[in-house]
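Engineer: Single-letter residue listing:
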Amino acid sequence: MNNELAAKSIGELAPLLQSKQLSPVELTEQVLSNVDMYDGEINAYITVQKEQAMAAATQAEQDIQSGNYRGALHGIPMALKDILYFKDEKATMGSKIHSDFVAGFDATVVSKLKMAGVTFTGKLNMHEYAWGATTTNPHFGPCKNPWDLTKIPGGSSGGSAAAVASHMSIASLGTDTGGSVRIPASSCGIIGLKPTHGRISKYGCFPLAWSLDHIGPMTKTVYDAALMLELLSGYDPKDPTSIDRPSKNFSGLLDSETKNLVIGIEENYFFHNVDSRVDEQVRHVLQQLERDGATIKPVSIPSLKQAEFAELVTITTEASAVHHANLLKSPEKFGEDVRFLLEVGELMSGVDYVQSQQIRRKLDVEFAAAFEQVDVLITPTLPFLSPPIGSQTVDVNGQELSFLDEVIRFTGPGNLTGLPALTIPCGVKDGLPIGLQIMGPVFEEEKVLQVGALIEQMELMKGHAPPLG
Amino acid sequence: MAFDIHEVLERKGIEVPEHHQEMLKGQMAGFEELRKTVNQEELKDLDMALTHVPGGEQK
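Chain order of the listed sequences is A and B. Quick note: the first sequence uses our numbering, first residue 1, plus one each step. Quick note: the second sequence uses our numbering, first residue 1001, plus one each step.
Keep in mind that the hints were calculated from the coordinates and are not lab data. Just so it is clear, the structure is predicted and the values come from calculations on it, not from any experiment. Virtual Cβ for every residue (Gly too), placed ideally from N, Cα, C. Keep in mind that a hint or two might mislead.
What the hints assert, rightly or not - In the DSS-like style, the derived pairs of lysine-lysine whose C-alpha atoms are separated by at most 30 Å in a straight line are:
#, chain 1, residue 1, chain 2, residue 2
1, A, 96, B, 1025
2, A, 114, A, 96
3, A, 151, A, 96
4, A, 462, A, 429
5, B, 1025, A, 333
6, A, 238, A, 96
7, B, 1025, A, 305
8, A, 87, A, 329
9, A, 297, A, 238
10, A, 96, B, 1012
11, B, 1012, A, 329
12, A, 305, B, 1044
13, A, 112, B, 1044
14, A, 90, A, 297
15, A, 329, B, 1025
16, A, 259, A, 297
17, A, 333, B, 1012
To be verified - Covered stretches of chain A (chain B as the covering partner; in silico rule of three or more C-beta atoms under 8 Å from a C-beta of chain B):
#, segment
18, 303-316
19, 326-335
20, 340-354
All chains should be modelled from the sequences, with the hints used to inform the complete structure.
Structural biologist: In structure tokens, the structure reads:
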């Protein structure tokens, strides 16, 4: 099978499509052919929309041929997480309860991608209601990691990450409430960007926890993430958490120099209890950046020690409020793990919730102070390598720790503060990719993208790819 | 713990499977440990990161 076209990034494909050297029909056929070949095992898709995709690709071809090229995403085949609404189409949220739910309108992000001429190939697997990080979905089957089919792809946007990593979608979107874009992106060796809270509208995205939810691009390159961010950004009065800040030309702001860069590291929190293989790889990147002229500066964010409390209370409480009526009415229709977490959320008190919001305020202030001293913070994205499917624990340097407790330790602070954060693959150990997280100041996504681009230039993933086929 | 977890949920009308009861106890014991990380004295001086926009969302 010729995988070459489907393995390319948007940045590589767009000029070929624009110049008519490549037909959107041929590209879509290749992506769908990969779905035929790999998805039987990987299970990244909940629904494949072949006929619809080929019709859209044919239309894109006609538009481009007649001189109506709409921009970099025109004719790009893409599948999205099955939590985003498409008018008159099913959105299951990976659940049994919503298995026949048909959305009455397009999500704002879907509407923007439609306007940009994206060819939609289907809906992607996810952790049920995005409430978990394994994508071991009890209703649609477990999604598997393309790097090792015995391992989880991370979650909750596991289908999105697995599809991009196995060239069954050129790029995708995920949602991120505690790390659900960055965790699977890290686990599957791709780029995942959680923008500033309020930057991308969430209208038409089924909520997990309103104050923590974000939508973000999942891509093969930093440039693709920047392209998608600039398209999807912008104020939306339909989303009460949307913030009125103009979008930026992010893809044109990627050039930067390492020599004046000041990188912060918070050793006490972000480098505590980390798998030595992950720690070693992230520190290797830091050393390389320092050799290239960056300054590495230790910073202190004392309230991070309270972040796990605040994240646990906020996410469980808000999620239980979303699902309260269904937990009363038909609890047996939830998967075992989601039902359990919804019960946990019902046990939190109002005081716990308000105190968690006070801690968030403190974190906002401390992160802002840190970003007065440094341009970005670098951390591992996850403290461990992907565990086997079905495992409730992770091995961190010989200690058996709870997966649930560990999985959002490094990504959760980005949700509590709403700060932009990007994960980028920085190497492979024992056949599994390792992600490095770059956090930046509020509404300065260009900084995390610029540092991501510098790390991408190190070519740390060269020669590494999932063993497909 | 000063209250019975099962009872609290049942009072809300939530049916809890028997095998969840021990798991919930374990989870909430872990939560009590996390609560110890919260500096109550410090919280007295803090505002909260939760806002309400009078008039609701913009049209």
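Engineer: If a hint holds in the structure, say so; if it does not, say that too.
Structural biologist: Against the structure, the hints:
1. Annotation: proposed proximity of residue 96 of chain A to residue 1025 of chain B holds, straight-line Cα distance about 27 Å (limit 30 Å).
2. A threshold of 30 Å between alpha carbons decides the hint, and for residue 114 of chain A with residue 96 of chain A the separation of about 28 Å falls inside it, so the pair holds.
3. A threshold of 30 Å between alpha carbons decides the hint, and for residue 151 of chain A with residue 96 of chain A the separation of about 24 Å falls inside it, so the pair holds.
4. Proposed proximity of residue 462 of chain A and residue 429 of chain A is supported: the alpha carbons are some 13 Å apart, at most 30 Å.
5. Restraint check for residue 1025 of chain B and residue 333 of chain A: satisfied, since their Cα atoms lie roughly 23 Å apart, inside the 30 Å limit.
6. Between residue 238 of chain A and residue 96 of chain A the CA atoms are separated by roughly 27 Å; this keeps the pair inside 30 Å, and the hint holds.
7. About 23 Å separates the Cα atoms of residue 1025 of chain B and residue 305 of chain A, which keeps this hinted pair within 30 Å; it holds.
8. Proposed proximity of residue 87 of chain A and residue 329 of chain A is supported: the alpha carbons are some 27 Å apart, at most 30 Å.
9. A threshold of 30 Å between alpha carbons decides the hint, and for residue 297 of chain A with residue 238 of chain A the separation of about 41 Å lies outside it, so the pair is violated.
10. With a CA separation close to 23 Å, the supplied pair residue 96 of chain A and residue 1012 of chain B stays within the 30 Å bound.
11. For the given pair, residue 1012 of chain B sits about 12 Å from residue 329 of chain A by alpha-carbon distance, which is consistent with the 30 Å threshold.
12. Straight-line distance between C-alpha atoms of residue 305 of chain A and residue 1044 of chain B comes to about 18 Å, which keeps the hinted pair within the 30 Å bound.
13. Using a Cα cut-off of 30 Å, the hinted pair residue 112 of chain A and residue 1044 of chain B is violated, with the two alpha carbons roughly 44 Å apart.
14. The suggested pairing of residue 90 of chain A with residue 297 of chain A is violated, with an alpha-carbon distance near 49 Å, which exceeds 30 Å.
15. Of the supplied pair hints, the one linking residue 329 of chain A and residue 1025 of chain B holds, its CA atoms being roughly 24 Å apart against a limit of 30 Å.
16. Of the supplied pair hints, the one linking residue 259 of chain A and residue 297 of chain A holds, its CA atoms being roughly 14 Å apart against a limit of 30 Å.
17. Distance restraint check for residue 333 of chain A and residue 1012 of chain B: the Cα-Cα separation of roughly 18 Å lies within the 30 Å cut-off, and the hinted pair is therefore satisfied.
18. Counting residues of the segment 303-316 of chain A whose CB falls under 8 Å from any CB of chain B gives 5; the rule of at least 3 is met.
19. Only when three residues or more bring their CB closer than 8 Å to a CB of chain B does the claim for the segment 326-335 of chain A stand; here the count is 3, and the claim holds.
20. Counting residues of the segment 340-354 of chain A whose CB lies closer than 8 Å to any CB of chain B gives 7, which reaches the minimum of 3, so the coverage claim holds.
Hints 9, 13, 14 from the list above are not met by this structure, while the remaining hints are.
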